[in-house]
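Use the sequences and the hints to build the structure in full.
There are 4 protein chains.
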Amino acid sequence: MDFGYDEDASKIQDLLKRFIKQRVLPLNGEWHRRVAGGDYPLDLLEPLKRQAREDGLWNLFLPDLRADQPGTAMSTLDYAPLAEIMGRLPWAAEVFNCSAPDSGNMELLQRFADDAQRHRWLTPLLEGEIRSCFAMSEPDVASSDATNIATTFTRDGDDYLIDGRKWFITGAAHPNCRFAIVLGRDDQAAEQLPHRRHSMLIVPMDAPGLEVERNIPVMQHRAPEGHCELVFRKVRVPVADRLGGAGEGFAMAQARLGPGRVHHCMRTLGQCELALEMMCERALERRTFGKPLSEFDNVKDWIAESRLEIDQARLLVLQAAWRIDRFGNQAARVDVSAIKVVAARLQTRVLDRAIQVFGAMGLTPDTPLAALWTWGRAMRFLDGPDEVHLRTVARDELGKARDQRGHTAAYFTL
Amino acid sequence: MDFGYDEDASKIQDLLKRFIKQRVLPLNGEWHRRVAGGDYPLDLLEPLKRQAREDGLWNLFLPDLRADQPGTAMSTLDYAPLAEIMGRLPWAAEVFNCSAPDSGNMELLQRFADDAQRHRWLTPLLEGEIRSCFAMSEPDVASSDATNIATTFTRDGDDYLIDGRKWFITGAAHPNCRFAIVLGRDDQAAEQLPHRRHSMLIVPMDAPGLEVERNIPVMQHRAPEGHCELVFRKVRVPVADRLGGAGEGFAMAQARLGPGRVHHCMRTLGQCELALEMMCERALERRTFGKPLSEFDNVKDWIAESRLEIDQARLLVLQAAWRIDRFGNQAARVDVSAIKVVAARLQTRVLDRAIQVFGAMGLTPDTPLAALWTWGRAMRFLDGPDEVHLRTVARDELGKARDQRGHTAAYFTL
Amino acid sequence: MDFGYDEDASKIQDLLKRFIKQRVLPLNGEWHRRVAGGDYPLDLLEPLKRQAREDGLWNLFLPDLRADQPGTAMSTLDYAPLAEIMGRLPWAAEVFNCSAPDSGNMELLQRFADDAQRHRWLTPLLEGEIRSCFAMSEPDVASSDATNIATTFTRDGDDYLIDGRKWFITGAAHPNCRFAIVLGRDDQAAEQLPHRRHSMLIVPMDAPGLEVERNIPVMQHRAPEGHCELVFRKVRVPVADRLGGAGEGFAMAQARLGPGRVHHCMRTLGQCELALEMMCERALERRTFGKPLSEFDNVKDWIAESRLEIDQARLLVLQAAWRIDRFGNQAARVDVSAIKVVAARLQTRVLDRAIQVFGAMGLTPDTPLAALWTWGRAMRFLDGPDEVHLRTVARDELGKARDQRGHTAAYFTL
Amino acid sequence: MDFGYDEDASKIQDLLKRFIKQRVLPLNGEWHRRVAGGDYPLDLLEPLKRQAREDGLWNLFLPDLRADQPGTAMSTLDYAPLAEIMGRLPWAAEVFNCSAPDSGNMELLQRFADDAQRHRWLTPLLEGEIRSCFAMSEPDVASSDATNIATTFTRDGDDYLIDGRKWFITGAAHPNCRFAIVLGRDDQAAEQLPHRRHSMLIVPMDAPGLEVERNIPVMQHRAPEGHCELVFRKVRVPVADRLGGAGEGFAMAQARLGPGRVHHCMRTLGQCELALEMMCERALERRTFGKPLSEFDNVKDWIAESRLEIDQARLLVLQAAWRIDRFGNQAARVDVSAIKVVAARLQTRVLDRAIQVFGAMGLTPDTPLAALWTWGRAMRFLDGPDEVHLRTVARDELGKARDQRGHTAAYFTL
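Protein chains in written order, with my numbering: chain A, 1 to 414; chain B, 1 to 414; chain C, 1 to 414; chain D, 1 to 414.
Take the hints with a grain of salt, since some may be wrong.
Copies of one chain are not kept apart here, so a pair can be met inside one copy or by any two copies together.
As a list, the in silico PhoX-like pairs of lysine-lysine whose alpha-carbon atoms are at most 25 Å apart [stated by the list, open to error]:
id, residue 1, residue 2
1, Lys-21, Lys-400
2, Lys-291, Lys-17
3, Lys-291, Lys-400
4, Lys-11, Lys-49
5, Lys-49, Lys-17
6, Lys-291, Lys-11
7, Lys-11, Lys-400
8, Lys-400, Lys-234
9, Lys-17, Lys-400
10, Lys-49, Lys-234
Rather than coming from a laboratory, the hints here were simulated on the basis of the structure.
This is how it looks when you write it as structure tokens:
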């Protein structure tokens, strides 16, 4: 057991921090002004992306990146602190071609795409030339129970016809978004068990019948890359664009979840750290009743609680990453449910404290706090609500208890 | 970074579990009956102690145990899971000569005792022939601010005279308790700064003027080994029985705290694990409104929350242990404050849930739950209340923020 | 709507406070010493009871007390603050013949007993000559689902034979306890619906076959009047001692619950008030780090939160009392579930804060805090666990929503 | 003590509910569409206002409304449930001329304005012809410590010159907003104690030098009536437009606070009720894992907890209203601090649960939930942050304890 990172991993963490400090943060003000004006500032991004790639800070999230693919392969555990660092700034990950949902899509394509699909979709993603989205959630289906997903894939000759409505599709408003991976109910698998009925199709964003209806504000925050509502009306896609076999949609989606949630959680923790740092700075500066806020015991308690909670959450996430690397996604399934709940709830708790320390200013768009809080609140639904993941944890725990029924009897005192 | 124990550490964990299961737990019922009858069942203990020593399960807590001292030296990190295992049963640690406060006293003596003191007190402790206590807390002094400790050590020729009152002195009612290490205000150091005024004296329990006035019930639980109130009335002790120099009492007490708190926390986590296991078993067995409790979502939530919290807390404690081993007690000071708060609060939270799942039975002495809860509640004061430790964490965090003032400005959006 | 008590009600509150201050509290130290020594100090009680009756402070809890019965009839709402005042001291209610479970038993007998039963059992209870208990809970039945109560009443000629085991039977260890009202499954009602199968029998405590097996410690606290485990082995009772008809046990038990829970809750709030007062006094006196605890913001927060919570809870309980008086027990059923949950949880929360302010002393038996906490913890099971009552509240709320389905649509913004 | 409303008060509650249901709610969709398009739909409002006035639903908040003033005078207690009903819809209060901050401004003017001021400003407000704002908060001053307010009023002949910056000025973006009551540091009172240095000036919105710089988004929500940032640059105002005497600003502001906070709290509770109703409806409709959400125990718990908390909070607010009516604002000062904390925290708690029940839809602007949550979050700062009000409550409690020092000693057991 060892709680220290080895030298290589530490070195790349420092490199990334320095890159962000020296090259990315100086552009942050401009970025936000441009975005507030309705722009997506690709011209700021592109030079940064080129430099990041040169510096070896590219596609860091993909453990099985091959030698002929651009970027630096890292384990989930070694990538985790990099995700935390990127997470502090909403637009940083894209600089390093590590944005969700592209990262997850690249994982999927790396594992399940055939050669043609790899060539057409994976390569430009890895190169950072295009972006993509992943269309799973639907407005009429509780995301806790994804087997109800109702978008239909109807076979018509060598094509499928897609009909349905998806929402909260992250990235669909990005100017470079070129395709969606869509999960739907495949009429070729209608006879299967509920979790074997869905397939995945790769759909170009400009396919006729596919409309991005709106970029949904999330607690009134409108992300520049979008959390969009998409409508599919008889969208025609060749069977060759199916990823994997008919009915294998959920199995593939599962495979995608483990590392992706680790990334989400670590980015979230980066945001919690930033909020804690901001809270401390503000507490040192802001005075009331003749002393700085940092000398009020309840403010100190908020700071200390945040530190305790963040440190514990990070260790849990890192342990999950270690298990994924060591034992695989499936073995780490319960760990991944656990971290998702922990990180999402932590975010709104820490951010709420930071907002309170900032006073009314914490509610304004002048600090990143309001937007960060919102991301945490959304994370409590992303990939299924907290309650579903808590249930997964409980079921596992009860299963272990069932296996050793009677085990605790010897500890009774009567 | 590695979250797995190496093979040696794992092996001794298994050995300890097996020993407790096969040799200790079968005597648990008899132990409790005898204790309930007012007895301290040394005759049950002694054969177990001999066997444990033979099996290499002896004095496991002392990293700097020397080759000529009995037992197996382990790092704080490697010992931690053993403390967790022992913690499940209130009388297990003594079997392995790993009980508090002896373990802390042995650490103190190992580091600070002179040869005569080592021979007279440390050797029989290490052999498990005697037990001891550590007398610091006083009824009239807030334990959050120990520099106010008021027991006086008055120099009188080659002796000190001790006057004062101590309470919550764990172990003082044990039939084998032979000496106390007492912290008091040394008139030889009266001119010093507040934290340089106290010394430690080694006092035989049968010293004239030393009275064990009562074994204080803690939330009505009367520990067989005692949390006692001691009165010192002109107790005469030779200067030679002072441990370390005049005024070095707090410095030595600090040295004692790090590993001791790790042990406390890990034992506490062992109790949380036991409570969680019991909660699960009960939930599987107990039925209401036509289904087992384990099928109620709120019971499942309690189980899942407990699992998440225990796992996070354990990682935090193990990380603190790792830091103690790697960087020393002083460097891990804030970590040690952090784990103390986390573990103590967790204990009452998890135990409370377990009691609720057990229903009224959880309040009775028929299960270990009521007694375990009590230990958790007491831990919220042990070695200083939560609030003091939270403040330590906050002060550290604010110090870091002060060092990099202005650091977060680049993240603002305005 | 009026939040003030009228003059008469206020006057009796003052009278009761003065009586307790002048006559009861001066004996409190002696009471506790005698009880700690295993005594039940009836000789302290009897003169106080005589005086209370003379002063009109007798049987205050019974709204339908008749002119020929001793005492002062008060509404549930007017009695509520008196229960709060009595609740501050564990032995006060008995002085005024207002102790549970006698008060509930007197209600039951007043409403359902026939003349012979009234003469034999109700009269001496109202006179304060004897005490009684109410035997419902069973160790093997979740108290959340009382229809499973398994004690059997088997008809045998003109008698019933009782077999079963009851526990947590409050008052059964009181030296004057003369009878139990027992709830059991009546073989004369076996064909009925689950909640129509149980009857109540009045059983003298000296009935052959009835054994008080133990006085169960609750979180190690052994109440002098007892929370006892009772065994019934073929206890023979004439059919004439059945209270009400065969199968009417639950209906009668329901009738007993409303006011009794108001009393419990108000006593509990009295204890919370006492704890808050003690917390404040201690915070003003105890100093650490150079200032009184009362100047630490987190201590102030605990005090303020306690005040907010107690005041809110009291209003909810008083409103429930008002509804009972105005609309009857049945109409106030959900209110009564609500207050039970609120008061029980509040007690442990406020007491926990008070204990923390007292430091280690709060764990000792030297203050009433440890014992008061325990009562709060037990209340979370008394008359059914919190969870059952929360469900009652939720079901009611969902029922209302179902009745006006669609009602909120007009508030949507889309 | 009586928890029921009398017939008159109940009748006007019914009248108001019916008016909103029949006349206001049918326009709600159009209102939101228009507002989302940047419009302030006065043409929807004006006919409703005329009708409301005809129906006697006008200026209901002003207990001392005179016979020659339009509207219906009600006590604070009788108005409270009307505020709750209006609070459910963000634009309802204006229909009845009961919007903040006009209501508070009318109170101020009613009590402190001279005839000229009453004629010029109060009369058109009471008639509903104009609207107004109240400018107190400043970006550089912690609102917890208002005596630091830094906007300056400098005497210049018969005028004052105003310089300063105000923010979160509600209502300043309303198309009918005609004047602001501004709190500033009066150089005519510079020698006074800190809370006697500020005055109030009435400033027309079109005064030269007064600029509404922006309508600040609050957690990204931009209120149509605005929470604005105002800059005053040498704004010239005649001394005759000072409300009250020099240095009396805080005393008058205090007078304004009591009823205003009751109104805020009751509106907030109306929103909590709405959220609870929506949560129940959604739980009945939405299915996952084969059953409606309403059958999950944790969803039921959220519903029940919300009901318990709302009911308790409402009683506390109503009690405060009763005390204001009975004993005056000053006597109810602590009560008013208490309700502010309770209501604000409750709002975000209940709304958070409702959002969780709605799933991702709860984050969208398609329901009122996101906007309602935001209002609750802002309320935790409005009129001073929670922490300041908790401190007021604690100080009061400690004061009472100090007055009866020693009082609890008789309850100790030792």
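Against the structure, the hints:
In the homo-oligomer, the alpha carbons of Lys-21 and Lys-400 lie at most 25 Å apart only across protomers (18 Å), although the nearest pairing inside one protomer, at 47 Å, exceeds that limit. For the homomeric pair Lys-291 and Lys-17, neither the shortest alpha-carbon distance inside one copy (34 Å) nor that between copies (43 Å) is at most 25 Å. In the homo-oligomer, the alpha carbons of Lys-291 and Lys-400 lie at most 25 Å apart only across protomers (19 Å), although the nearest pairing inside one protomer, at 53 Å, exceeds that limit. In this assembly of identical chains, Lys-11 and Lys-49 lie within 25 Å of each other by CA distance solely inside one copy; the values are 20 Å within and 49 Å between copies.
Taking the shortest alpha-carbon separations for Lys-49 and Lys-17, only the intra-copy value of 15 Å comes in at or below 25 Å, while the best inter-copy value is 54 Å. For the identical chains of this complex, Lys-291 and Lys-11 are neighbours neither inside a copy (41 Å) nor across copies (48 Å), given an alpha-carbon limit of 25 Å. Taking the shortest alpha-carbon separations for Lys-11 and Lys-400, only the inter-copy value of 22 Å comes in at or below 25 Å, while the best intra-copy value is 40 Å. In this homomeric assembly, Lys-400 and Lys-234 never come within 25 Å of each other (Cα to Cα): the closest approach is 47 Å inside a single copy and 43 Å across copies.
For the identical chains of this complex, Lys-17 and Lys-400 are inter-copy neighbours only, at 17 Å across copies versus 42 Å inside a copy, given an alpha-carbon limit of 25 Å. In this assembly of identical chains, the alpha carbons of Lys-49 and Lys-234 never lie at most 25 Å apart, being 37 Å within a copy and 49 Å across copies at closest.
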